[in-house]
Amino acid sequence: MLKIGVPSKGRLMEKTFEWFGARGVTMRQTGAEREYSGAVDGVDGVELVMLSAGEIPRELAAGRIHLGVTGSDLVRDKLADWSLQVAELAALGFGHADLIIAVPSCWIDVDTIDDLDAAAAAFRAAHGFRLRIATKYHRLVREFLTANGVADYQLVDSQGATEGTVKNLTAEAIADITSSGETLRANHLKILSDSVIHQSQATLFASRSADWGAARAVMVDLAAKLGIAAPAL
Amino acid sequence: MIPAASKSAGRAEAERLFAAFQAAGAVPVEADLLLPAETLLDLYGEDIRARAYVTSDPLQGEMMLRPDFTVPVVQAHMADGAEPARYCYMGEVFRKQEHLGNRASEYLQVGFEVFDRDAPEAADAEVFALFSSLLAGLGAQALTGDIGILMAAVRGLDTTDRRKQALLRHIWRPKRFRALLDRFAGRAPMPAARAALLDRLATGSPEDLIAAAGSFIGLRAPEDIAERARALTLDAKAPLIKAPEAALLYDLLSLQAPARAALSHLRGITPMLPAIEPAVDRFATRLEALAARGIAVDSLAFEASLGRTSMEYYDGFVFSFHGPDGMPLLASGGRYDALTAVLGQGRSIPAVGGVIRPQLVAGLRQLCEGAI
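Here the protein sequences come in this chain order: A and B.
Be aware that the first sequence starts at 1, since it is given in our numbering, and climbs by one per residue.
Be aware that the second sequence starts at 234, since it is given in our numbering, and climbs by one per residue.
No wet-lab data here; the hints were simulated from the structure.
There's no promise every hint is true.
Said to hold, decoys possible - EDC-like mimics (lysine to aspartate or glutamate), calculated; alpha carbons at most 16 Å apart, straight line:
| no. | chain 1 | residue 1 | chain 2 | residue 2 |
| --- | --- | --- | --- | --- |
| 1 | A | 225 | A | 41 |
| 2 | B | 329 | A | 143 |
| 3 | A | 136 | B | 279 |
| 4 | B | 329 | A | 182 |
| 5 | B | 408 | A | 59 |
| 6 | A | 3 | A | 81 |
| 7 | A | 190 | A | 98 |
Stated by the list, open to error - Counterexamples of contact, computed for chain A against chain B with all Cβ distances above 10 Å:
| no. | residue |
| --- | --- |
| 8 | 24 |
| 9 | 39 |
| 10 | 51 |
| 11 | 55 |
| 12 | 150 |
| 13 | 179 |
| 14 | 184 |
Said to hold, decoys possible - Incomplete in silico selection of chain A near chain B, CB under 7 Å:
| no. | residue |
| --- | --- |
| 15 | 48 |
| 16 | 84 |
| 17 | 87 |
| 18 | 88 |
| 19 | 106 |
| 20 | 108 |
| 21 | 109 |
| 22 | 111 |
| 23 | 112 |
| 24 | 123 |
| 25 | 126 |
| 26 | 142 |
| 27 | 159 |
| 28 | 167 |
| 29 | 168 |
Cβ atoms here follow ideal geometry from the backbone N, Cα and C, with glycine treated the same way.
Let the sequences and hints guide you as you build the complete structure.
Written as structure tokens, this is what we have:
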């Protein structure tokens with residue numbers, strides 16, 4: 001049996017079902033509407049596992065599922081050395097969002113990472129603590145800021161409504177995903193021009209640590225249906 | 234790759250080094266395994282989170298598993314140390330590894346630190362010679378540097394204080410340091426985003442522009458925003474760092490030579506960069522002190538940029554000892570005078586020291602003995 005983990009609700013689930021459906025692999029929920037169980041038709045030996053998109057990276061890394069659909073941002077943020085733990089099989093073309101850094105629009109002197117770094121130094125000198133950046137993408141943001149040589153900042157955790165943290169004075173800047181930028185503008189924030197940390201989209205991943213024994217043959221069939229190269233795992 | 238020594242062989246090597254440090258006059262000190270995260274974060278910045286294990290205590294808040302001994306040892310000395318002082322310590326440190334591989338996330342360190350106001354160059358030489366003797370016979374390659382010369386060169390540049398401060402702040406982040414220097418020296422064009430920003434700032438007073446930008450939110454004060462906006466405009470008008478001076482700094486950044494030859498080279502450029510003279514004099518004094526302790530300074534490797542990518546507190550002499558390729562550093566250390574001021578709450582004392590990784594030394598020792 002080849003286990004494939006897909007997002008268990010919302011647009012991400014619907015779009016995932018559509019993407020597979022368009023390629024002759026029908027996924028559907030079984031049981032009651034809110035019950036997290038599903039089935040796959042069109043290819044034999046595939047078991048559908050309904051999961052929260054945020055848990056799919058971990059399940060892939062642990063090898064409890066062979067394949068998984070989730071945002072490329074989540075895989076990169078939650079898995080250290082992600083490319084050694086999972087393989088990217090196909091970008092699915094939906095769920096697009098950019099992970100960016102945004103600051104208050106009233107910061108007329110700050111448009112780039114370079115400006116943010118300089119503002120952070122002055123902020124720390126004036127306030128006695130490091131400039132706070134609210135995010136839930138700790139690894140990606142920290143690696144990006146380290147690579148760009150930014151100092152005198154701290155990351156503060158924000159699992160939701162991150163755009164509101166600046167107005168609420170719990171952060172000075174944010175790092176979050178955005179697609180249209182509307183929520184940012186509504187919260188008086190602007191995006192730094194060189195701060196696209198990652199361009200995310202829904203992606204089909206394969207686990208490098210799962211037991212591929214019997215699943216390998218199923219993978220070959222499935223890959224043929226989906227029109228993708230079967231991964232060398 | 235060097236075979237890892239057994240735990241007991243690593244422990245025995247640690248005991249040997251620890252005894253040698255005590256024989257050299259150091260007082261053994263103990264340090265907690267759990268350290269308050271805030272102190273380390275304030276010192277090293279957010280990057281330390283990628284390297285240290287963070288846990289939380291219901292009463293004390295965020296704590297870190299000891300990533301090194303420097304902070305607790307300096308704090309202990311600043312709280313109630315007599316002067317001068319020599320300390321040594323031995324114990325586990327913990328480093329989170331963000332990449333798959335065989336790098337240890339828990340290993341022993343044995344260290345030696347000297348806090349002494351008199352003759353800092355003699356203390357530098359004392360520490361280096363001691364480490365060199367303890368690692369003798371293992372084929373370890375020593376490398377030395379001096380961040381003080383680089384800092385003196387930056388302080389002596391004929392440019393604005395603001396630019397000097399920006400460069401000094403990024404001494405330990407070579408990529409950003411280089412980008413700033415390229416910009417201040419006119420070697421890199423002004424980024425389009427900065428040019429656009431300056432154009433916009435030229436359209437009105439900072440106060441008007443802030444008011445026009447919509448609702449004011451956040452803790453960063455309008456005066457601070459206006460102050461930086463004005464500073465940017467002023468900086469754009471400030472002359473570039475002159476080409477010959479910039480060329481000397483680029484030359485200095487890439488200087489790699491045997492120590493004695495490096496000194497001659499530095500003496501050669503001092504007339505054009507007079508601000509580095511005191512630092513070069515200290516370098517010369519240190520070489521004499523090293524030679525007096527039997528170090529072959531004619532062949533001792535020197536790199537002016539050594540230590541710039543390690544923990545950002547070394548501000549003078551730095552050194553490291555390398556094993557075969559692919560092996561982590563066997564030992565490293567340096568001078569950290571400024572750190573004692575940061576942790577000393579108004580007091581400071583010149584300090585130099587270093588650590589050895591006994592498990593690596595034991596592994597290398599087994600390899601060397603096996604080869605004989």
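Hint check:
no., hint, verdict
1, A:225 x A:41, "holds, 12 Å"
2, B:329 x A:143, "holds, 14 Å"
3, A:136 x B:279, "holds, 15 Å"
4, B:329 x A:182, "violated, 38 Å"
5, B:408 x A:59, "violated, 37 Å"
6, A:3 x A:81, "violated, 23 Å"
7, A:190 x A:98, "holds, 14 Å"
8, 24, "holds, 37 Å"
9, 39, "holds, 36 Å"
10, 51, "holds, 24 Å"
11, 55, "holds, 21 Å"
12, 150, "violated, 8 Å"
13, 179, "holds, 22 Å"
14, 184, "holds, 12 Å"
15, 48, "violated, 30 Å"
16, 84, "holds, 5 Å"
17, 87, "violated, 15 Å"
18, 88, "violated, 17 Å"
19, 106, "holds, 5 Å"
20, 108, "holds, 5 Å"
21, 109, "holds, 4 Å"
22, 111, "holds, 5 Å"
23, 112, "holds, 5 Å"
24, 123, "holds, 6 Å"
25, 126, "holds, 6 Å"
26, 142, "holds, 6 Å"
27, 159, "violated, 17 Å"
28, 167, "holds, 5 Å"
29, 168, "violated, 9 Å"
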